[in-house]
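Peer 1: Sequence:
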Amino acid sequence: MTTATRSEFDRGIALTRHADEPGRYEAELGPGWQIGSGVNGGMLLAVAGHALSLEHADHPDPVSISGYYLSASTPGPATVRTEVLRSGRGLSTGTASLSQDGVERLRVVASHGDLSTVEGDVRTTAQPPQLPPPDQCIGVEHAPPQLIEQAALLERFDLRLDPSTVGWALGQPSGNGRIQGWFRLADGREPDPLLLLLVADALPPVTFDLGLPGWAPTVELTVHLRARPVPGWLRVTHATRNVAGGYFEEDAEVWDESGRLVAQSRQLARVPRGA
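In the working numbering, the protein residues as written are 1 to 275.
Keep in mind the hints are simulated off the structure, nothing from the lab.
Worth double-checking, as some hints may not be accurate.
What the hints assert, rightly or not - Pairwise CB distance ranges, derived in the manner of DEER restraints:
(1) A57 <-> Q127: 31 to 39 Å
(2) E119 <-> G211: 41 to 49 Å
(3) G214 <-> R241: 28 to 36 Å
(4) E220 <-> T125: 41 to 49 Å
(5) P231 <-> Q127: 17 to 25 Å
(6) T125 <-> T95: 28 to 36 Å
(7) L91 <-> R241: 29 to 37 Å
(8) P77 <-> D158: 24 to 32 Å
Just so it is clear, CB atoms sit at the ideal spot from N, CA and C, and this is done for glycine as well.
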């Protein structure tokens, strides 16, 4: 059984169930989701999260998912093996392992539920970031050519960055450790919980804003999903408060068109090489 293939993102997370091995799926990691020579970590998390969604029939949505990145993934075939650890009334928990040619790339532990059952249950003091309108922000078409060459996935995004957080692109990083902006897919696919896993890792590394250019390999990424997003733009903010010992944390918040916080994440990543 193969999943829907309307959008390039859907094709990117598409899975074929293995006929003879329960819990095993085959995937094809596309070159369009590369950063440098590797595949984006959020995209890999979406592939693994999708496999677990198929294993949890009554719990289609990742609620909390953590991935440990063991080796760099490359475009091409991949295998995802899942194991259901617990099936409960409200949550099901499982693990997934994504490998290529017998080499494990990603190990995931996740709890899945049904986010449609929690609609309207909101108690928060969190506020969405205040951004200029999308047409007053900086689009991917204005990115330095060398950045696009190193990040093919940016061409799959309609990404509009807050002008106050893109001084690094002009050689003038603010030093605040924050990058934020508007996000949607370039082909018009509307957001859903699996796409939020990609969005949590979609912006340039916040170390760019600290004057530390280069891609930052993810060690671990955890995403908490709070609600299914409504159609439209997503507001995304990435920030860090600590760079030490060759590592930094990157905290992300994702807000939907209705102004609701739909996802939060934290990742630990290595400081870019040469920084």
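Peer 1: Could you run down the list of hints and mark each one as holding or not?
Peer 2: Hints and how they fare:
A hinted range of 31 to 39 Å holds for the C-beta pair A57 and Q127, which are about 37 Å apart. Between E119 and G211, the C-beta spacing of about 42 Å keeps the proposed range 41 to 49 Å intact. The supplied range of 28 to 36 Å is broken by G214 and R241, whose beta-carbon atoms lie about 20 Å from each other. A hinted range of 41 to 49 Å is violated for the C-beta pair E220 and T125, which are about 27 Å apart.
Look at P231 against Q127: about 22 Å separates their beta carbons, and that is inside 17 to 25 Å. Between T125 and T95 the beta carbons are some 34 Å apart, a value that agrees with the proposed interval 28 to 36 Å. Separated by about 31 Å at the C-beta atoms, L91 and R241 satisfy the suggested range of 29 to 37 Å. P77 and D158 have their C-beta atoms about 29 Å apart, which keeps the hinted 24 to 32 Å range intact.
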